[in-house]
Amino acid sequence: MTQYVLRRVALFVLGLVLTSALVFALLRVLPGDAAQVMGGVKATPERLDQIRAAYGLDRSLPAQYGSWLAGLLHGDLGQSLITGVPIKDEITQKFALTLPLAGLSLLFSLLIGVPLGIASAVYYDTKLGGFASAVAQGLAAIPIVWAGLLLIILLGKGAGLLELLPSQGFPRTGWSEPGRAFASLILPALAVGIVEGAVILRFVRSALLEARGQDHVRTAAALGLTRRQALIRRGLPGAGPAILSVVALQAASLIVGVVVVEALFALPGMGSMLVTDVGNRDLIKVQSTVLVLVGLVLLIGLLVDIASRLIDPRQRRAGE
Amino acid sequence: MSLEVNDLTIAFGDQVVVDHIGFEVPDGARVGIIGQSGSGKSLTTLAVLGLTPRSARVTGSIRWNGRELVGLADKVLAGIRGRTIGTVFQDPMTALDPVRTIGKQVTDALRNHYDLSKAELRERAIRALDQVKLEDPESFLGRYPHQLSGGQRQRIAIAQALIAGPRLILADEPTTALDVTVQAGVLQVFNELVTGLGSSLLFVTHDISLLPLVAEQALVMEAGRIVERGPVHQLIDRPQDPVTVGLIEAALATAWVDGPGEGERAPSGTGAEVRV
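So the sequence lines, in the order shown, correspond to chains A and B. Sequential numbering from 1 applies to the first sequence in the working numbering. Sequential numbering from 1001 applies to the second sequence in the working numbering.
Read the hints as simulated data drawn from the structure, not as lab findings. Where is the CB? At the ideal position from N, CA and C, for every residue including glycine. Just so you know, nobody snuck in bad clues.
Capping the alpha-carbon separation at 20 Å, the derived lysine to aspartate or glutamate pairs in EDC-like fashion look like this:
1. B:1133 to B:1192
2. A:88 to A:76
3. B:1118 to B:1138
4. B:1104 to A:312
5. B:1075 to B:1115
6. B:1104 to A:215
Here are some chain A residues the structure puts well away from chain B; computed CB gaps all over 12 Å:
7. 2
8. 3
9. 6
10. 7
11. 53
12. 66
13. 76
14. 90
15. 100
16. 142
17. 161
18. 172
19. 173
20. 275
21. 301
22. 303
Work the whole structure out from these sequences, hints included.
Right under this line is the structure:
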């Protein structure tokens, strides 16, 4: 197992390095110029050259990539081209909003997806089960923006029918007022959670429906469990690794979803920051931010792979 | 405790797959059900357990120890399954849980029905594995099904079904998936255990040559009906129905392919002895 973890971590690092190269290359292809943004539309070519030289944008691409990578190895993500603020500080600050938002979204998606997935598999041949499955199909297909808008219209303060929860912004005081801060994350997290949860629901449902026909689930019932107990207690663990890997895949789309809802709900998190930075062609900041986000997704993949080995003995080698 | 089946019918929509059958397994008796696949024999055993597919409609009567099982709530049936009625299923590759240890699943019936301490469960598990003649039974407790051979798995499936000392044992082709050489050993272990418990047995198979080893009486099923019944030796020596004759010929053909070479063909009508 230790050997497997080491190998898997090595793969994670390799993934990060490849990502860094890819992100760097893609951003150089992007049209637009930070110097132009900083200098303004009226800047002379000489002025633009000056700005480029000041920020090292005139160096060769391999040199730029090299110095960025060297900085990363020391934990230095660089400085914003536009504001000059260290990127690490700004990301850390934005994470205080984005990480809880992503965590809450994941929690909602699991709370929606897993129990409803189980229920819709257990009652698959009833009208209710068919209805649940159709609703899930529909929810999985709607864009997160639209889900967010609907939630604002239904529940949002100032705009909604019920005016239950804040729908715009994050308290200036941040987490020093935990109640208010938390409340402002509920609707956006719910928007992501409903859509992602619907996808998880469908996977849990189909994994359990498959388990329904498995011989060992029948054996469990023949040994004294009720049919439902056999399905849930014996069928679900077998489907565990499959469900886990779907959750890992969903983590990537969850982070995209978080970026989207931050813009929609005017939350000053990583997503909103990224959107602004891309507009400003703040290349170093964008590439560092994207790398951090990709790193997060890769990390979730790593943890899920290890967890799925732990719960599934078939994936382990002899002696583990 | 006896099992009495009367007028049992199982249908999927308009399609009747078990058609008004009736039979009895008296206390301590051993009855075989023989038929080709699709004859309804496996569904009959599932109906006794209340485990037919949900789309199946089961009517008629199955009385176990005087109690009507047809229509009984699943919760009540679960209290019977594994405790007074034990079941050994066909395919040892898939019938065991792939993600739980042997030690756990072999004691499932005990844990479902009785409140035993961990130490007691462990002791019972070791004893059960020993009874199915697994060498060094303790070493199996922490292992998983995918680490074992087919014969070992089927012995575990037997230990699992019999651990709570059921009064009736349902066996659905328990040795069919095994090699012929392994089959004989597993069947012998199974026989000894059933004899030891003094339980009744309902043994389902398509292989008529196994019948003399496990049953005194047998029913021949075809397309959901019982076409012939009687003492096993009589069915084999003087088969009346063409279906029974066909099953004997099928057993002989297999014996001929699996068994001795050409020129050692077994005399017809004594298919039972060929494989033994």
